[in-house]
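K.L.:
Based on these hints, arrange chain V on the given structure of chain H.
There are 2 protein chains.
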Amino acid sequence: MRPIDALVNSLSEARVVTDPDVIDSYARDRTFLEPGKPLGVVLAASRDDVVTTLKWATEHRVPVVPRGAGTGLAGASVAGDGSIVLSLARMTAIRELSPADEIAVVEPGVITADLDKAAREHGLMYAPDPSSYEISTIGGNLATNAGGLRCVKYGVTRDSALGLEVVLADGRVLNTGRRTMKGVTGYDLTGLFVGSEGTLGVITAATVRLRRAPAVPPATFAAEFGSLREAGAAVSAIMAAGCQPSLMELLDRATLEAIDDWRNIGLEPTTQAMLIGQSDAADGQAVAERMERICTDNGASFVAVSSSPQEAEELIGLRRLAYGAKERQGACLVEDVCVPRSALPEMITRIEAAAARHGVRIATVAHAGDGNLHPVFIFEHGTVEPPPEVWAAADEVFKDALELGGTLTGEHGVGLLKRRWLALETGPVSGELQGQIKAVFDPLGLLNPGKAI
Amino acid sequence: MRPIDALVNSLSEARVVTDPDVIDSYARDRTFLEPGKPLGVVLAASRDDVVTTLKWATEHRVPVVPRGAGTGLAGASVAGDGSIVLSLARMTAIRELSPADEIAVVEPGVITADLDKAAREHGLMYAPDPSSYEISTIGGNLATNAGGLRCVKYGVTRDSALGLEVVLADGRVLNTGRRTMKGVTGYDLTGLFVGSEGTLGVITAATVRLRRAPAVPPATFAAEFGSLREAGAAVSAIMAAGCQPSLMELLDRATLEAIDDWRNIGLEPTTQAMLIGQSDAADGQAVAERMERICTDNGASFVAVSSSPQEAEELIGLRRLAYGAKERQGACLVEDVCVPRSALPEMITRIEAAAARHGVRIATVAHAGDGNLHPVFIFEHGTVEPPPEVWAAADEVFKDALELGGTLTGEHGVGLLKRRWLALETGPVSGELQGQIKAVFDPLGLLNPGKAI
Numbered sequence: 002m003r004p005i006d007a008l009v010n011s012l013s014e015a016r017v018v019t020d021p022d023v024i025d026s027y028a029r030d031r032t033f034l035e036p037g038k039p040l041g042v043v044l045a046a047s048r049d050d051v052v053t054t055l056k057w058a059t060e061h062r063v064p065v066v067p068r069g070a071g072t073g074l075a076g077a078s079v080a081g082d083g084s085i086v087l088s089l090a091r092m093t094a095i096r097e098l099s100p101a102d103e104i105a106v107v108e109p110g111v112i113t114a115d116l117d118k119a120a121r122e123h124g125l126m127y128a129p130d131p132s133s134y135e136i137s138t139i140g141g142n143l144a145t146n147a148g149g150l151r152c153v154k155y156g157v158t159r160d161s162a163l164g165l166e167v168v169l170a171d172g173r174v175l176n177t178g179r180r181t182m183k184g185v186t187g188y189d190l191t192g193l194f195v196g197s198e199g200t201l202g203v204i205t206a207a208t209v210r211l212r213r214a215p216a217v218p219p220a221t222f223a224a225e226f227g228s229l230r231e232a233g234a235a236v237s238a239i240m241a242a243g244c245q246p247s248l249m250e251l252l253d254r255a256t257l258e259a260i261d262d263w264r265n266i267g268l269e270p271t272t273q274a275m276l277i278g279q280s281d282a283a284d285g286q287a288v289a290e291r292m293e294r295i296c297t298d299n300g301a302s303f304v305a306v307s308s309s310p311q312e313a314e315e316l317i318g319l320r321r322l323a324y325g326a327k328e329r330q331g332a333c334l335v336e337d338v339c340v341p342r343s344a345l346p347e348m349i350t351r352i353e354a355a356a357a358r359h360g361v362r363i364a365t366v367a368h369a370g371d372g373n374l375h376p377v378f379i380f381e382h383g384t385v386e387p388p389p390e391v392w393a394a395a396d397e398v399f400k401d402a403l404e405l406g407g408t409l410t411g412e413h414g415v416g417l418l419k420r421r422w423l424a425l426e427t428g429p430v431s432g433e434l435q436g437q438i439k440a441v442f443d444p445l446g447l448l449n450p451g452k453a454i
Numbered sequence: 002m003r004p005i006d007a008l009v010n011s012l013s014e015a016r017v018v019t020d021p022d023v024i025d026s027y028a029r030d031r032t033f034l035e036p037g038k039p040l041g042v043v044l045a046a047s048r049d050d051v052v053t054t055l056k057w058a059t060e061h062r063v064p065v066v067p068r069g070a071g072t073g074l075a076g077a078s079v080a081g082d083g084s085i086v087l088s089l090a091r092m093t094a095i096r097e098l099s100p101a102d103e104i105a106v107v108e109p110g111v112i113t114a115d116l117d118k119a120a121r122e123h124g125l126m127y128a129p130d131p132s133s134y135e136i137s138t139i140g141g142n143l144a145t146n147a148g149g150l151r152c153v154k155y156g157v158t159r160d161s162a163l164g165l166e167v168v169l170a171d172g173r174v175l176n177t178g179r180r181t182m183k184g185v186t187g188y189d190l191t192g193l194f195v196g197s198e199g200t201l202g203v204i205t206a207a208t209v210r211l212r213r214a215p216a217v218p219p220a221t222f223a224a225e226f227g228s229l230r231e232a233g234a235a236v237s238a239i240m241a242a243g244c245q246p247s248l249m250e251l252l253d254r255a256t257l258e259a260i261d262d263w264r265n266i267g268l269e270p271t272t273q274a275m276l277i278g279q280s281d282a283a284d285g286q287a288v289a290e291r292m293e294r295i296c297t298d299n300g301a302s303f304v305a306v307s308s309s310p311q312e313a314e315e316l317i318g319l320r321r322l323a324y325g326a327k328e329r330q331g332a333c334l335v336e337d338v339c340v341p342r343s344a345l346p347e348m349i350t351r352i353e354a355a356a357a358r359h360g361v362r363i364a365t366v367a368h369a370g371d372g373n374l375h376p377v378f379i380f381e382h383g384t385v386e387p388p389p390e391v392w393a394a395a396d397e398v399f400k401d402a403l404e405l406g407g408t409l410t411g412e413h414g415v416g417l418l419k420r421r422w423l424a425l426e427t428g429p430v431s432g433e434l435q436g437q438i439k440a441v442f443d444p445l446g447l448l449n450p451g452k453a454i
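First to last, the protein sequences are chains H and V.
Yeah, the first sequence ends on 454 if you go by the numbering used here, and it's all consecutive.
Yeah, the second sequence ends on 454 if you go by the numbering used here, and it's all consecutive.
Because the hints were derived from the structure by calculation, they are not lab data.
Any given hint might turn out to be false.
You can't tell identical chains apart in this list, so a pair holds if it fits in one copy or across any two.
With a straight-line cut-off of 35 Å between C-alpha atoms, the simulated DSBU-like cross-links for lysine-lysine are [to be verified]:
hint	residue 1	residue 2
1	K56	K400
2	K56	K154
3	K38	K400
4	K38	K154
5	K38	K56
6	K439	K38
7	K439	K56
8	K118	K38
9	K439	K400
10	K154	K118
Extracted from the complex, chain H is given alone in its bound form (with noise of 0.2 Å):
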């Protein structure tokens, strides 16, 4: 009997998928990465079928690639060859919905935005929303630590993770963290798992913290600026008013020129920058209006605050088309550069003289009251790797970034896509322990295999 008929036994015919084409569709995440051949997919509805898997790795030596939803963007979900995918896209119960203590206990399928959706009946928000939060679920986002638009004000996926309920490597299962809003006892193990990318264990519930949901609609601002220097002293500006914007995204102008050729957006040919940002404080359209004037002030060329939700969704709406647009002129690298906050400018200065010097299109958008940049690196439509300039491009951004005293990765993960620069960042002490914390973990070394560390 092959190993994977036992496991079809343990489980059930319906859990496990062998069919090639199915499984292929299973072992891709959302970057240019081709996997490799998996024995097969578990589709996992409970702790117990995880408990299953696991222990049926550990016993016949198969490497498991967890997976929640697939929209990662650094490989961390991509399969290799002879490995099991283990989804958790079906464990989707929102166990418990507390609004007294404002926490949730959430099986790792939920999709973000429908925590998000059923926290709000209760007058609560789940706040982390990476962009692709209506798709993407909690269990990617706490594999990579997610980020999104919201986090300038209200902190990244890890900053509202409570506790954990982990099955380990060896088919244990480990609950780390708490119920409550501060805990100090022992190590900080629900930490050490967000972010971790599937490598140390397999998140099957996660207690996080709700949130007061904003008691009006957010007041939302636009800005356009004949350069990246008045654009980023303009960002500065604004935090160092206190306006605390619960958004706060820059355009580039190659991001605005795909928009602009797609929805023809009557772009200045002197517009080197866009802003937009938002306020959901109580008094956000007096916000809103002050960050107006503060980008006034900084030069911009153009400013409107909206007055309606409409309006406001029109402004956000640009924002939103930046990645689509990019993808309409070719295939996209997208890369995750963070930078302290008064480095943006010079990192969209380096990053645009990296596209020069190497005749590669790179376009940016950043969450840029967070610093954290995505240059997304343009080539040409089906050419299945980014060709070498593109390589020799990022190279530069990502020792730049270094260079700034940034990081690789702001919210998307080292995956696959970003380990040959990994040692550059963490140094050799650094990542010696980190393999060392990897074995008390997975000693056999079957989690995700090759990601992350």
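P.N.:
Here is chain V on its own, set in the frame of chain H:
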């Protein structure tokens, strides 16, 4: 040559204390716990001193007990026989303070209030404010993941720690984390060190996040209630109304009696609890009045909002008297359980029941917005160790907290005091993994042995 002489030679005589009386004063914290007889105290002035000390300790297999100001309440820096005490209190440099990036790089001996003061010169603040913030150090705050009064709005020390410089047991230097607001490269080693109570390495610098300081002084309210249930309901209603208090403290009857006994505050015989809250929002006065109304709606027998910073100081002053008032009445064992916020009244009720059952005096103050309670067990002055009935009551309190979905310690740490209850909360799987993580960082078990895990 004795091992300690080798250390004196490698450092400099001034850095190593060997006078037994002075050593004893560095071997204690603020608990009643009696230390052993350490070999000496290193007064480290630089990272190199720490490296030298740890290399020496590894060579000679000498246990090392790191300490900041010794204000801990859990015995985490009580030193044992034959150990070396490693004081970081002289490493007091604020290496960098960047208003543009809203970060500071500080050495571990910086007094928490001093960092806050330095930040405020730039319109910023360092948010974590343990009650000891005027005498405790950033290093100690990090080691215990200290909370404080403001953490109901701004989070605990972990939420302000971006990156660390750590000297490992063998003298290697590790840099964790980053200078950016977001970052997901590798496992979260920063989070692992925060709250690890000196058992994994010695923090020699920290990159911490600063925040915009509120533009106006906070507005303050106080309310008295005839029952804990009503006070608890008011806390829930205030949080549910989205008031976002920056401070929300609950004092029980026993605490109020202790204060009244000392300062004659005119305590009404029917008052069972007092709630003191603040808002540091731009419209703080209006928010404080709203919180006051919510208290009235929930049955408060008396309410007041400060109309001036002086009045606010007087109201907060009551809270500050709490611990001193209890120390007048006897020796104090300060506990630190944390429960889901909705369980706060039930937890206080159970604490009172435990006090009655065991004939023990317990007075409780709570960071009510976080569900974090400090039941203070008061016993006879001059008693070296809490009598058996205090431990029996404490045992029930810990078990009650866990039963209500809570944790043993919200912000003080496990130290020596809570080790006997640790396994009840973490369970065997977590305990085993924590031991293995400890072994990765400190294979010889030299760092703060017998603490935390």
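K.L.:
Any of the earlier hints contradicted here, and which numbers?
P.N.:
2, 4, 8
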